[in-house]
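**Q** Protein chains in written order, with numbering that gives the first Met the number 0: chain A, 0 to 246; chain B, 0 to 246; chain C, 0 to 246; chain D, 0 to 246; chain E, 0 to 246; chain F, 0 to 246.
Bear in mind the hints are in silico, worked out from the structure with no lab data behind them.
Among these hints, one or two may not hold up.
Claimed, not checked - The calculated lysine-lysine pairs, modelled on DSSO-like cross-linking and capped at a C-alpha distance of 30 Å, are:
1. B/K22 <-> A/K22
2. C/K7 <-> D/K22
3. C/K22 <-> D/K7
4. B/K52 <-> F/K52
Said to hold, decoys possible - Facing chain E, according to a computed beta carbon distance under 7 Å, are these residues of chain F, among others:
5. N19
6. H23
7. A24
8. T42
9. E45
10. P48
11. L67
12. P68
13. R69
14. R74
15. D116
16. D118
Where is the CB? At the ideal position from N, CA and C, for every residue including glycine.
Protein chains: 6
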Amino acid sequence: MERADGRKNNQLRPVIITRNVNKHAEGSVLIEVGDTKVICTATVEERLPGWRKAEGKGGWLTAEYGMLPRSTGQRMMRDAVRGKQNGRSLEIQRLIGRALRSVTDLQALGEYTITLDCDVIQADGGTRTASITGAFVALADALYYLVLNGKLDKMPLQDFVAATSVGRVNGELVLDLCYTEDSVAEVDMNIVMTGGGHFVEIQGTGEEASFSRSETNQLLDLADTGIRQLIEYQKSVLGTVAGCIGN
Amino acid sequence: MERADGRKNNQLRPVIITRNVNKHAEGSVLIEVGDTKVICTATVEERLPGWRKAEGKGGWLTAEYGMLPRSTGQRMMRDAVRGKQNGRSLEIQRLIGRALRSVTDLQALGEYTITLDCDVIQADGGTRTASITGAFVALADALYYLVLNGKLDKMPLQDFVAATSVGRVNGELVLDLCYTEDSVAEVDMNIVMTGGGHFVEIQGTGEEASFSRSETNQLLDLADTGIRQLIEYQKSVLGTVAGCIGN
Amino acid sequence: MERADGRKNNQLRPVIITRNVNKHAEGSVLIEVGDTKVICTATVEERLPGWRKAEGKGGWLTAEYGMLPRSTGQRMMRDAVRGKQNGRSLEIQRLIGRALRSVTDLQALGEYTITLDCDVIQADGGTRTASITGAFVALADALYYLVLNGKLDKMPLQDFVAATSVGRVNGELVLDLCYTEDSVAEVDMNIVMTGGGHFVEIQGTGEEASFSRSETNQLLDLADTGIRQLIEYQKSVLGTVAGCIGN
Amino acid sequence: MERADGRKNNQLRPVIITRNVNKHAEGSVLIEVGDTKVICTATVEERLPGWRKAEGKGGWLTAEYGMLPRSTGQRMMRDAVRGKQNGRSLEIQRLIGRALRSVTDLQALGEYTITLDCDVIQADGGTRTASITGAFVALADALYYLVLNGKLDKMPLQDFVAATSVGRVNGELVLDLCYTEDSVAEVDMNIVMTGGGHFVEIQGTGEEASFSRSETNQLLDLADTGIRQLIEYQKSVLGTVAGCIGN
Amino acid sequence: MERADGRKNNQLRPVIITRNVNKHAEGSVLIEVGDTKVICTATVEERLPGWRKAEGKGGWLTAEYGMLPRSTGQRMMRDAVRGKQNGRSLEIQRLIGRALRSVTDLQALGEYTITLDCDVIQADGGTRTASITGAFVALADALYYLVLNGKLDKMPLQDFVAATSVGRVNGELVLDLCYTEDSVAEVDMNIVMTGGGHFVEIQGTGEEASFSRSETNQLLDLADTGIRQLIEYQKSVLGTVAGCIGN
Amino acid sequence: MERADGRKNNQLRPVIITRNVNKHAEGSVLIEVGDTKVICTATVEERLPGWRKAEGKGGWLTAEYGMLPRSTGQRMMRDAVRGKQNGRSLEIQRLIGRALRSVTDLQALGEYTITLDCDVIQADGGTRTASITGAFVALADALYYLVLNGKLDKMPLQDFVAATSVGRVNGELVLDLCYTEDSVAEVDMNIVMTGGGHFVEIQGTGEEASFSRSETNQLLDLADTGIRQLIEYQKSVLGTVAGCIGN
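Model the full structure from these sequences, guided by the hints.
**A** Written as structure tokens, this is what we have:
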């Protein structure tokens, strides 16, 4: 059975990452994964939250996630109007923060807090994994800015990290679900993996369904293939900055 | 005295309006006025708020305004995190809504509600006036969509509308203030004007200062010049759709 | 055509300002403009908001605005019950604050914060302009209190300031709209002007309508006439305190 | 020992109730008890809350209580700014509502909801009891309005109700505490009583102190004396309307 | 007429207090009064709220009250979902705090803040009085913990305190109302009394009814009887700790 | 290396599930997993949320999760006081809901909504997985109640479901982490599995660390072992009700 957009089951959607899309932010990218578009900005502030300072374990990195009201097929109520972030947003931004912290040497980051804002301009499935893949590039640029300006001696990034989704749709195991696939998927799994091929997150969910051990293994294989390609793309996009990562 | 970016006192910043930047929305544009960038989407819904239905005066049009956290030089706290829209946002979105309603034949709009979302991607002064100028184009596209789909007989738009700012900066009267000018302006005036040269809004404010009747007249002249150019540009951007407006 | 209450087009409603209506506040008035009644209190506190202190530009003056639930024809939900101030209140209190700051020498105010609370007891149109006109008198009393108590050497007030509304109602240009006029006005303009005849704010709005340059000029003339009378009345009400203003 | 304002221990402060202070509300009074001033308005609406309708037990009566920010010696933060009513306000408005419902024949009130808004303009102790005493008069006026307009056959008021405070201050038992007494009282008791001499509420509280059975009895005696005078005054103020109550 | 559960009018429900039900809290009990079950924990923190520190009157003690959503017959919306504590909860937790402070020597408590959390696991009437009776035991344990650990020289508890409800149900005066009685009671009175037989709180309310002086006296008698039994039980439950109270 | 409480790496903590701990709820249990204690209640309501009704896919099942303020070592601020549920709570209750829906035949549930409330009385790690394991039993009891009362023909439960955590602690892979283990774990994985051995959720997270494919497989093996034991225990606790599940 053919996929909605004619892709093979193990094929990613086209990915484009455009750097420096915001003149104010220390790092910024627009990432497009098929029709999903997310602006990721990295803000550097020379301050630490009180609790983090007290821990004495170095800098901090956190993320926030939002969607423009008409990023989706049906217009959503603005979070600011509802008076709070919805549960899904909070869950996603916690995931993005954990993913990027896993490859960052916070001790080496010193007194800096980095805030990654991931704002979905247009959604077509996979916004959280696109956010992670794009935010990594914005983060690298922001840290490179600190190095260039003599604030840090070297890049406190230990590895690359990227993410994609895999799932079971109509009984088929597929890579990088678009919205029409996601909305009917029996199983949905978001995977975050490092350049070294280690997992940072595996979030597999049966939607009123369940999945076997064997399917789990095949889905992890698919994700592994996809994320390796995404990280290759991050490297090519980052150019010389890529060379400073993991050393 | 020369302006920050070398413009003449009566010169607008470069304006670019790109249509159809969002695949979901019935109308959508990215408007760039110098370094100020706003995404404006128009959402059509076949429903009316209860109070409007009760009035029996036709359709409704409303606007919402937001800024991405890092659209500004210093990262702002996300409204959704603060738990409410700030006063400035509410004030601006009320202005945008009034401006666009002034040229819309709501009676002819029937049972439809149009929501204009103006989200600032990058701010460099004049975000509210850029929002109005851009949202008009998104609105025209959304209404044209209703006509094309046989939902409306004709475009319920009676005229064009656009906006710009004028002000007194270091004693000079200037058109279309960028952020560095805006932040030191003694007088700041936002003007909304129709294609017919009539005002919809005049919002002039002395910032710990005041202004004379004569200055008021010169500022209105400057604004008149600028808005006529903006409306010419809206016409060229809208192409054939422009021909259906005001007829 | 005669106005709802028999006034001429260029005639203000009767205005009464009663000073010292609150035994706790450093300045307090009840202002009645026709059937609109607003209690304005000025609170002096010897402290500054952190951001203002950091600026090092002297004292601060801010305003808050509220309406009693049954100040209007239909009872409104209490802001405290809704959990937030509505957009209109926020917009009005920002206006009041700007208006009063425009005639106050904040540098000379030193370490003091003045808070003007304008609470509408009964509304019949023009509550924001009545608030400004009344709050100025409460402010003058509070500053005089600081002078009398040796906290300030002289009154840090550079001029008088008052406000009124003008508008187009059924095609006629009129001064000081009451509620029945305001609710059907095609054009509504709030003007804040100093004793020296300079504008601090011009906020003109077409309600699903627009207005010409010529109408703008006539409306500004009407407002000028009205505000000069209001400032004369402020002077007579303030008596000896008036003599210390602008010197 | 003499009281702060020279009163005898069993003496009320001067009470003035002014009717019809608000042109919009169906009933409205300004009650002054010494320097405590409260505006009480009664709003009639021909609707019932859903839960009350479901009960089928007739109309409904509810109360809301607020304080202007500078009604007190120190300016308080506006509830609307804090984003919620504080616990004390909620507790007081529940008390006012219960007090007035105790003398109202809700069954006879039919499909109407009465909302009593008690807004403290100036506070000097006893704002909750003044609110009850004043709100009763506003309620009577609002119900009389319903009778006059043929909406109700007779006044659905079964008795008068009024309230005062008593307490132990420096070991002395006193009636009607002003703020300076209230703030140092060891025991504070608010009593609500009907014209028939029955209690509706007894709320006695030891503030880091306790009180004996004998003191309880003496305090109830003091309150009985005071409330009988308050009800006499309500009768004189209500004039002919008073004759329709309890029949 | 027999009571719902066969008790005599002056009979308490069975009371069971189980100490040390929480391994984290410095004091904790489960109190069961008939089918009403409340977990009370006492938390000791070596810090003071800023305002209390400024007063220089010693330590602080505060209470919070909550109900699990299905503690009641009909599931209630979770306060955290509604976004605020309801008025009833706030009123009750203020009562609990006052009751316990009345027997605590705050001066002797030094730099400590004690927080009593009373969470209703199952409700069947009398949750606020059960909370007070149980919280006292948790408080005693927490203070004893401070003494045992050398943080305090002696127990800063001057007396015992407990609470119960009394009321008029179908014309009969009864002690310790269960929910079916409470929901039809004409009069409902919550009494807090010390071991010395002095009142800390008397909160009597007529629910769309009123009550006489004579009934008041009989109700206070009933409460006195009940609370003396509750305090005897507290003593037996506290064992050796009881011996350190009031000395 | 020995575990904190002397368990083997593949050993669960002692589990006790007590049914019918709440007299109001249609299903209720107290689940204790070591020192973690959670009250789970299942509430049956004969109504559907509007959006679910519109879908026409049968009944609905949702979950809410909360922690008592002193369920943890340090007292937490009450969610109701903070004014919102925190992100972690929202994330957990979404997980609980998905887990239970995966084994429920919602179509067969008809017009009923089931709400599972999981309130943590005492926390010592694994509160979310204990909630799922306990809530399943409460759910079974509530559904059995519907069958017994003739509201449903048969139990709409297709299988059992339970959950546990696994993780890497000091380099060792262990089952069912207690708090002291959880707080230092390099990898933390929560697994939800059905009686048929299929996964419903795999949520594996590296805390500033990552994990290999081989570790993933070993962790899934550990979880499989633990959850099979938990489901055996659920069966024994449910007795005859267990026989109606999955048929």
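**Q** Regarding the hint that F/P68 lies at the interface with chain E, is the smallest CB-CB distance below 7 Å?
**A** holds, 5 Å
**Q** Can the hint on F/E45 be confirmed by a CB-to-CB distance to chain E that is less than 7 Å?
**A** violated, 12 Å
**Q** A closest beta-carbon separation below 7 Å is what the hint needs, so does F/R74 meet it against chain E?
**A** This interface hint holds because 4 Å falls under the 7 Å limit.
**Q** Quick check on F/N19 please, does its C-beta sit within 7 Å of some C-beta on chain E?
**A** violated, 12 Å
**Q** Sort out whether D/K22 lies within 30 Å of C/K7, counting only the CA atoms.
**A** Holds, at roughly 24 Å.
**Q** A closest beta-carbon separation below 7 Å is what the hint needs, so does F/T42 meet it against chain E?
**A** holds, 4 Å
**Q** Quick one, is the F/R69 hint okay against chain E at 7 Å, beta carbons?
**A** holds, 4 Å
**Q** Can you confirm whether the C-alpha distance between C/K22 and D/K7 stays at or below 30 Å?
**A** Given pair C/K22, D/K7 holds - Cα atoms ~24 Å apart, limit 30 Å.
**Q** Was the hint right that F/H23 lines chain E, CB cutoff 7 Å?
**A** holds, 5 Å
**Q** Report holds or violated for the interface hint on F/L67, using the least CB-CB distance to chain E and a cut-off of 7 Å.
**A** holds, 5 Å
**Q** Min Cβ distance, F/D116 to chain E: is it shorter than 7 Å?
**A** Interface hint status for F/D116: holds (5 Å vs cutoff 7 Å).
**Q** Between B/K52 and F/K52, does the CA-CA distance stay at or below 30 Å?
**A** holds, 25 Å
Checked against the numbered hints given earlier, the structure breaks hints 5, 9, 10 and satisfies all the rest.
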